[in-house]
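A.B. asks: Chain by chain, the residues run as shown.
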Amino acid sequence: MKYLGKTILLAAMAWGATAHAVFAPGEKVIVLNSGDGSISIVDPVTRKEEKRVPVGKEPHHLMATPDNKELIVANAASNDLVFLDPKTGDILRRVADISDPYQIGYSPDRKWFVSASNRLDRVDIYHGATLKLARRLPTGKVPSHIAFSADSKLAFVTLQESSEFIAIDLEKQEIAWKMATGKQPAGIWMTPDDRHLLIGITGESHLEIYDWRARKLVKRILTGLGAHNFVAKGDGRHVFLSNRMANTISLVDQQTLEVKETFPVPGGPDCMEITKDGRQLWTTSRWIRMVTVVDLETKKVLHQIPVGKSPHGLYFQSHAPRR
Amino acid sequence: MDALVALWAQAQAALFESVVQPAVFHLGLVSWLEAAFDATEIFMIGAAEIVVLAAVLGALEKWRPVEVWADRRPVRVDIAYTLLVRLGVLPLAIFFLLLPVVDGLDGWLRMHDFIPPKLEDAFPALFDHPVASFLAYLVVIDFVLYWVHRAQHAFGWWWALHALHHSQREMTFWTDDRNHLLDMVITDLVLAVAALLVGVAPGQFVAIVAVTRAVESLSHANVRLAFGRVGERLLVSPRFHRVHHAIGLGHEGARQGCNFAVLFPVWDHLFGTANPVREFPATGIRDQLHGRDYGEGFWRQQWLGLKRLAGRA
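Top to bottom, those sequences are chains A and B. For the first sequence, this note's numbering assigns the number 835 to the initial residue and increments by one for each residue that follows. For the second sequence, this note's numbering assigns the number 58 to the initial residue and increments by one for each residue that follows.
Just chain B, with the same shape it has in the complex (with noise of 0.2 Å):
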């Protein structure tokens, strides 16, 4: 393990030393080095996630498919998707955007006497164990991005956004990351803020993205698998997410909507959301089956949301 780790420390010092430093210097932003280091392992993750993922996930779909089509190019946008997202390109832009935000509520909230609290003020033992720690912040993250996922499904204008997401009829392990950019912004704002608040530290938050990430990818796979009975109210497995995702069940109803969960099923139990129907439904939006177009490329779907959010599409 630890071979394992100083390859990667080394892989990482190689990489950040001969590329990334040189251009951060360029470009005047040394104070950003230790971003820039970060964000080179974010990148490093996300290769290594993305090489992971298609080898055992791609596996998994072959040998146990839902569905099998004989026109895939559906997929390809989503692979783009996931391109952009996972090896940092758009991440690194909206935190660009949301930084001055984020950085600015919390300096006003100090020169008005507020730190903001974190979770081992109230649970002091977590200061001395980081596992514990990190499972209790994964645990009160997953439960924001439920909220943040009802709400997506319960606001018109979000849902404009978020409907991208669900429009995809064949779905894989690609599509987690198939979002509208503005969607992507107001999630991770919301969770920025949210982890601002209950104190997550920058490492720990890249932890719970790559976990979070992980476990994602496996619920939106074209594979049929469950986790069995008591399984499937621990983790979200892809019959689950499936069913969130299922043409007539995945955005419709009085919740609009059921099984919004990420990590945990609990959410869904504990609020009334969870769908126990045991299928694997075709997925997608009842108004596709009526020709609404939701766009094949990447520029179409974004703009395709711009045009529903404005009411005009």
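Chain A on its own, in the form it takes in the complex (with noise of 0.2 Å):
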């Protein structure tokens, strides 16, 4: 017993070495509560939720922006961004008059800002400098994740209701030309070689993945059921999966495009962030209102933080490289 006891201090010991050392002093983790509109603030380090701030109505995703100076919340129900301290998650702005965003993203060349408005089926292109609308237009059903090609010429979003993806033309700012997929396409994912886009088949169990110049289908791997959104390892080969229904999460090796291995994690999965490290894997619990860190060398759960209603999108600074 008494052995077991420092075992367990160690164990604790280490575990925070780890978090003041991959987590930089006063850094937070901010995750967005899409049920009650709220962000948690979250320390890493006591992995306790320090606080819940009112943000917006329906917020559900959030990125960096590409100066990485901002964080940008995107309030589907307020039809607004609300930009965020990276690191403290302290509100410095709210811009109005951007109609439903749901999912967004920087073209690579950061000219345009595509929000994908999930409820009203359309997509929307804002002028990345000014946010300022360039274009509106009407998709298939229920748009959804987001990639872009490496020369920013085209935008790829899913359209989870019409089982399909469409590429849209940043130029010419229209619909270039759509594929059909698996049922309910949810995320989207552009290899680091620009060559393959990997897309989770949330109505199936499997990551479909696209050779999207020759607009064929190059294979599909089975992961596990509602297989829903990606992360980036942050080694340039890997990326993880999560499989929101099956409750686990696939590391998916974008090389030999093979499942390397799928371990459990509970509450619905959604989500994800890797510690620089890469030692840690933090994800939204969607349905238990939880943040579950995930120890990714036993692929043991270390911690559960309670966090607002129905939390989705999440973010801390120290992550691991986006490819």
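Hints may be right or wrong, so weigh each one.
Pair ranges (Cβ atoms, derived) [as the list claims (entries may be wrong)]:
#1 Ala111/B - Pro942/A: 20 to 28 Å
#2 Met58/B - Asp1027/A: 46 to 54 Å
#3 Leu254/B - Val929/A: 16 to 24 Å
#4 Ala179/B - Ala1048/A: 31 to 39 Å
#5 Arg1156/A - Ala111/B: 52 to 60 Å
#6 Pro859/A - Arg290/B: 50 to 58 Å
#7 Ala112/B - Glu904/A: 46 to 54 Å
#8 Ile1009/A - Ala111/B: 50 to 58 Å
#9 Lys1006/A - Asp185/B: 36 to 44 Å
#10 Thr1132/A - Leu292/B: 55 to 63 Å
#11 Trp65/B - Glu904/A: 55 to 63 Å
#12 Leu155/B - Arg1156/A: 36 to 44 Å
#13 Leu1051/A - Val247/B: 41 to 49 Å
#14 Leu1051/A - Leu84/B: 56 to 64 Å
Here are some chain A residues the structure puts well away from chain B; computed CB gaps all over 10 Å [unchecked claim]:
#15 Glu861
#16 Lys1017
#17 Arg1123
Worth flagging that the hints you see were computed from the coordinates, not collected in a lab. The beta carbon of each residue, even a glycine, is placed where N, CA and C say it ideally should be.
Both chains come to you apart, so use the hints to assemble them.
C.D. replies: Structure below.
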């Protein structure tokens, strides 16, 4: 018993030391509680929610600005964007009249800011520098996630209810082409070599891989029920995929296009972040109002941190590279 | 409190993951997962609400009943209405019916460069104060409900449907949800458009509905209860609302009735429809005294409502 106590203490110290080492002093984890319109500010060292701050209606996704100086929260039902300090989560400013922003993304050249209007079946294209509307494009049903070609010529958007994805020509600002997918495609991910698009097929149990230049389905890989969203491991080779209904996360090798492993994570894992040392995976557990922290060496759940209702997007500054 | 919230979240997750999510998946409705998750909570809120109302309002009705009936059979159908509404069966059907209409309108507005405003645009302080924001929206929605209610009594065709609600002569806390299905659809459509135009968030809307329903259940209760000189002006009481249901008062006079407010009687005082009678009169519609039939069972009541609408009953 005495031995066990020491082991726990050592493990706890090791965890604390790791957390200190990975996260910058004063850095916070920012979690969007889509169900109660707030952000949870979580201390990554104490693993406690420090405060919960109202941010707007239905905040689902967030991303850093291209210069990494601000964090953009998309409030779908408030029709606005809120800019936060990416380190502390402090609210800096609000930009109104952004219609139903659900998923958002900047083209790699920063010229365009694209917003998928999940509820109203539109994709809106704004000028990246000014956030002024350039074009509102009607699409198929339930536009969801966004990816870009490296040359910024195309934006790819999954359409969940139409079971297809579209390629939007950003110069002409029109839909260039579309392709059918499995049922309810959600997360869409461009491989670092700009060759393949990976799509999580949420209505089924697999990942689909497309050669987008040839407009051809290359492969289907079984991952888990409700294959949904991606985040890079940060080594330029692997990407994690959350399987929301299976309550698992899969690690996919982007070179061999194979699943390397799949491990359990409870509560409907959704959006993810990887620490810059590659040792921890943080994910929102949507159905249980928690953020779950997983040790990527042992694949064990280290912590579950209570946050607000229906937590969706999460972010911390000391994340792994996005490729 | 945190433990209670955690327990509630666990129960919702368990119900969702074991029953709702597999059903949604097998029906091929995965895009509706979040909505189904919210619906799971609405079902739980409804179930909890029914248990609490039955315990608290049931006790109140036993404590100081306005009327005591030997035959309580007419109350049974109101219980069925309550279960269908509060457990989400009818609201779910209406949601799927109205969603394309409301989202279609919303989408059309945006394609014409109109993004619906929200109260926070006019009062930015509401962004940082969710409780104040909730109260502001509650007042606005209650104001809309007051005018919907006025319209239900003012337009003959709408009264043909709404009369079903007023035809209960053994009014209890179960009576609140006794409504014609078409009446519910029209009311919900008006409310959904109003919510869209003032920027009520879906989560806020659920909370507004929960608060409104709780007060409505109380205001229909068969209990000799008033809130006193000041309280009667602040919140609709069982006495205040009973006068609205009273034979000879509730649907008569120049304004086709009185005491239309749902939550806040201030609207009746502002617009001259408050009736200060300090009594607990018998409920129903005058023509029931002359033999008009509004039906006893659910389907008969619905059918007769449609016939009245067509001018054939």
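A.B. asks: With reference to the structure, classify each hint as holding or not holding.
C.D. replies: Taking the hints in turn, this is what the structure says about them:
1. Ala111/B and Pro942/A have their C-beta atoms about 60 Å apart, which leaves the hinted 20 to 28 Å range violated.
2. The hint said 46 to 54 Å for the Cβ distance between Met58/B and Asp1027/A, and at roughly 51 Å that hint holds.
3. About 22 Å separates the C-beta atoms of Leu254/B and Val929/A, a value consistent with the hinted range of 16 to 24 Å.
4. Between Ala179/B and Ala1048/A the CB atoms are about 53 Å apart, so this pair departs from the stated range of 31 to 39 Å.
5. For the pair Arg1156/A and Ala111/B, the supplied restraint of 52 to 60 Å holds, since their beta-carbon distance comes to about 54 Å.
6. Our hint of 50 to 58 Å for Pro859/A and Arg290/B holds, since their Cβ atoms are close to 56 Å apart.
7. Taken as a hint, the range 46 to 54 Å holds for the pair Ala112/B and Glu904/A, whose Cβ atoms sit roughly 51 Å apart.
8. In this structure the supplied range 50 to 58 Å holds for Ile1009/A paired with Ala111/B, their Cβ-Cβ distance being about 54 Å.
9. Taking the beta carbon of each, Lys1006/A and Asp185/B are about 42 Å apart, inside 36 to 44 Å as hinted.
10. Checking the proposed 55 to 63 Å range against Thr1132/A and Leu292/B shows it holds: the Cβ atoms sit about 57 Å from each other.
11. Checked against the hint of 55 to 63 Å, the pair Trp65/B and Glu904/A fails, with Cβ atoms roughly 35 Å apart.
12. Against the hinted window of 36 to 44 Å, the Cβ-Cβ separation of Leu155/B and Arg1156/A comes to about 41 Å, which satisfies the hint.
13. A hinted range of 41 to 49 Å for the beta carbons of Leu1051/A and Val247/B is consistent with their spacing of about 47 Å.
14. Distance hint check: the CB atoms of Leu1051/A and Leu84/B are about 25 Å apart, inconsistent with the given range 56 to 64 Å.
15. Against the 10 Å criterion, Glu861/A stays outside the reach of chain B, whose nearest CB is about 24 Å from its own CB.
16. Once the 10 Å rule is applied to beta carbons, Lys1017/A is inconsistent with being away from chain B; the minimum gap is 6 Å.
17. Look at Arg1123/A: its CB is around 4 Å from the nearest CB on chain B, not clear of 10 Å, so calling it non-interface is violated.
Violation of the numbered hints given earlier is confined to hints 1, 4, 11, 14, 16, 17; the remaining hints are satisfied by the structure.
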